[in-house]
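Engineer: Protein chains in written order, with numbering that gives the first Met the number 0: chain U, 0 to 46; chain C, 0 to 193.
Certain hints may be false.
What the hints assert, rightly or not - Per label pair, the in silico range of CB-to-CB distance:
#, chain 1, residue 1, chain 2, residue 2, range
1, C, E103, U, K18, 22 to 28 Å
2, U, K18, C, P6, 23 to 29 Å
3, C, S9, U, S22, 19 to 25 Å
As the list claims (entries may be wrong) - Here are the computed lysine-lysine pairs in the BS3-like style, where the Cα-Cα straight-line distance is at most 27 Å:
#, chain 1, residue 1, chain 2, residue 2
4, U, K18, C, K120
5, U, K18, C, K27
6, C, K72, U, K15
7, C, K63, U, K15
8, C, K60, C, K40
No wet-lab data here; the hints were simulated from the structure.
From the three backbone atoms N, C-alpha and C, an ideal C-beta is built for every residue, glycine too.
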Amino acid sequence: MAKIYSKKSVVSKSMKPRKETVSFLLSYSQALSIIKIDNRVFEFISN
Amino acid sequence: MVNIQLPDASLVKDYVAGNEDALAKLIKRHESKIYGFIYSKIPDRDITNDIFQDTFIKVIKTLKSNSYNEEGKFLPWVMRISHNLVVDHYRKTKKMPMFRETEEFSIFSIMSDDSLSIENKIISEQVEMDLKKLIEELPCDQKEVLVMRMYHDMSFKEISESTGVSINTALGRMRYALMNLRKVIDKHQIVLTN
Chain U
0 MAKIYSKKSV VSKSMKPRKE TVSFLLSYSQ ALSIIKIDNR VFEFISN
Chain C
0 MVNIQLPDAS LVKDYVAGNE DALAKLIKRH ESKIYGFIYS KIPDRDITND
50 IFQDTFIKVI KTLKSNSYNE EGKFLPWVMR ISHNLVVDHY RKTKKMPMFR
100 ETEEFSIFSI MSDDSLSIEN KIISEQVEMD LKKLIEELPC DQKEVLVMRM
150 YHDMSFKEIS ESTGVSINTA LGRMRYALMN LRKVIDKHQI VLTN
């Protein structure tokens, strides 16, 4: 019987983050506002 | 219909200008490369998701605060952020190694309850009482130094100041006090162990 000597690649082609992770990032981005005043940075998260 | 793909630099510009869809496109375009890269370093889906999320949180914060200045090199920049987070992850886990309970290894073999049992408490109190009696037998000058050092936790400098002798004298008295205690203990074969 033929043997497969090649190692299975750890990274498969369909590697994708969870849908929830991406959706969290998009919501986070929408909610986040950053304002710079002088040398200070203020971050706001709106609901 | 021809599907024109905007370059990363344009999408970054759009996103900085307030177009949130541009971020969704950027994530969709590069998610498998970045996720795969992290997974190749840490083969754990949950941790990879966490690091992917942290990577983009940094990306979002940098872009929104107008601190990004690497136009045309979006993917290598994001990869570098994720690489740094992977290194941080390994640093943290090296400091706090995770132990799993197996048949050969029990966590309780390296963890123990340090508090004394009732019996050991009684023994410990007895030892302390015996030791105090022995200390009372020492000459006054030696007893004074020993009590200040061991029970009042004073430094030899403080002892020398409060007793009015030099540090060397205080050190000598401490040495003689310990020698005398050992002598008495040996002579009477007293067992002071817990």
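Engineer: Hint by hint, note whether the structure agrees.
Structural biologist: For each hint, the structure was consulted:
| no. | hint | in the structure |
| --- | --- | --- |
| 1 | E103(C) to K18(U): 22 to 28 Å | violated, 39 Å |
| 2 | K18(U) to P6(C): 23 to 29 Å | holds, 26 Å |
| 3 | S9(C) to S22(U): 19 to 25 Å | holds, 24 Å |
| 4 | K18(U) to K120(C) | violated, 58 Å |
| 5 | K18(U) to K27(C) | holds, 11 Å |
| 6 | K72(C) to K15(U) | holds, 22 Å |
| 7 | K63(C) to K15(U) | holds, 25 Å |
| 8 | K60(C) to K40(C) | holds, 24 Å |
Violated hints, in rising order: 1, 4; the structure is consistent with all others.
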